[in-house]
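Could you put together the complete structure from these sequences and hints?
Here the sequence shown is numbered in the numbering used here, starting from 3 and rising by one per residue.
Worth flagging that the hints you see were computed from the coordinates, not collected in a lab.
Hints may be right or wrong, so weigh each one.
What the hints assert, rightly or not - Listed next, with one range per pair, are the computed distances between beta-carbon atoms:
id, residue 1, residue 2, range
1, ILE88, LYS148, 30 to 36 Å
2, ALA126, GLY67, 35 to 41 Å
3, PRO136, GLU104, 41 to 47 Å
4, GLY67, ALA181, 39 to 45 Å
5, GLY99, VAL125, 35 to 41 Å
6, SER58, GLY174, 33 to 39 Å
7, VAL122, LYS148, 33 to 39 Å
8, GLY101, ALA170, 16 to 22 Å
9, GLN147, LEU178, 35 to 41 Å
10, PHE166, VAL122, 22 to 28 Å
Stated by the list, open to error - For lysine-lysine, the following DSS-like pairs were computed, each having C-alpha atoms within a straight-line distance of at most 30 Å:
id, residue 1, residue 2
11, LYS107, LYS95
12, LYS107, LYS124
13, LYS95, LYS124
Glycine included, C-beta positions come from ideal geometry on N, C-alpha and C.
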Amino acid sequence: MIMTTVAHVSRARQASVQCESCGQVNFSGELGAAGTCTFQGCFKVERGSTRCKQQSLTARLQSYGYAGVASYGLLNTAYYITAFLIFWTRVAKVPKGLGLAEAAKRFVGVMSLTWAGSQVTKVARIGAALALAPLVDAACSWAQQKLGLKSQRTALSLVITLCFGLAALCFGGTVLLWA
Numbered sequence: 003m004i005m006t007t008v009a010h011v012s013r014a015r016q017a018s019v020q021c022e023s024c025g026q027v028n029f030s031g032e033l034g035a036a037g038t039c040t041f042q043g044c045f046k047v048e049r050g051s052t053r054c055k056q057q058s059l060t061a062r063l064q065s066y067g068y069a070g071v072a073s074y075g076l077l078n079t080a081y082y083i084t085a086f087l088i089f090w091t092r093v094a095k096v097p098k099g100l101g102l103a104e105a106a107k108r109f110v111g112v113m114s115l116t117w118a119g120s121q122v123t124k125v126a127r128i129g130a131a132l133a134l135a136p137l138v139d140a141a142c143s144w145a146q147q148k149l150g151l152k153s154q155r156t157a158l159s160l161v162i163t164l165c166f167g168l169a170a171l172c173f174g175g176t177v178l179l180w181a
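Encoded structure:
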């Protein structure tokens with residue numbers, strides 16, 4: 003949450019806003035005036051309402067609990083597999099028959115590009131995961147009931163195992179096919 007301290011200074015209402023996540027007090031000015039935090043855009047004050055912009059999507063996603071984690075994990079897996087294959091075949095244009103050592107070196111380079119791209123698309127993936135979370139929650143509840151799982155945490159473990167297994171199969175299989 004955001005803490006707001008109000009002080010009256012020479013007839014103007016001034017506000018000091020602190021983000022609990024970063025601990026910074028970065029905005030002082032007229033209450034209700036628009037302004038942005040000087041700490042990497044941590045929060046923004048708009049028309050008298052104070053809220054942490056950087057955390058708002060993440061906090062809303064976390065409110066879904068296991069379903070939020072699972073939806074973000076599914077989207078991350080989809081992003082990494084798709085981006086990796088595009089970068090491997092279209093951007094880096096890795097030729098076949100390199101040998102395992104050279105293919106492994108190329109894998110590191112392509113994975114670096116994939117990671118850099120993931121940093122650019124992170125906010126979009128969090129937003130998409132937020133939209134997907136209710137569906138994932140329903141799917142986890144259904145799987146829990148149909149498979150006789152003890153908890154949603156167990157269903158989440160299955161989703162995480164599926165994501166890691168699918169990614170390892172894709173990355174490993176690609177490197178081995180190009181070796």
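Now the hints, each set against the structure:
For the pair ILE88 and LYS148, the beta carbons lie near 35 Å from each other, so the given range of 30 to 36 Å is met. Remark: the range hint 35 to 41 Å for ALA126 to GLY67 is contradicted by a beta-carbon distance near 22 Å. Distance hint check for PRO136 and GLU104: the Cβ-Cβ separation is about 45 Å, which falls inside the suggested range of 41 to 47 Å. Between GLY67 and ALA181 the beta carbon distance is about 41 Å. The supplied range of 39 to 45 Å therefore holds.
The hinted window of 35 to 41 Å between GLY99 and VAL125 holds, with their beta carbons roughly 40 Å apart. SER58 and GLY174 have their C-beta atoms about 37 Å apart, which keeps the hinted 33 to 39 Å range intact. At about 38 Å, the beta-carbon gap between VAL122 and LYS148 stays in the expected band of 33 to 39 Å. In this structure the hint that GLY101 and ALA170 lie 16 to 22 Å apart at CB holds, the actual value being about 21 Å.
Take GLN147 and LEU178: their Cβ atoms lie about 38 Å apart, and the range 35 to 41 Å holds. Checked against the hint of 22 to 28 Å, the pair PHE166 and VAL122 passes, with Cβ atoms roughly 23 Å apart. Between LYS107 and LYS95 the alpha-carbon distance is near 14 Å, which keeps this suggested pair within the 30 Å criterion. Proposed proximity of LYS107 and LYS124 is supported: the alpha carbons are some 26 Å apart, at most 30 Å.
Proximity of LYS95 to LYS124 is assessed by CA-CA distance (about 25 Å); at most 30 Å being required, the pair is judged to hold.
The structure shown violates just one earlier hint, number 2.
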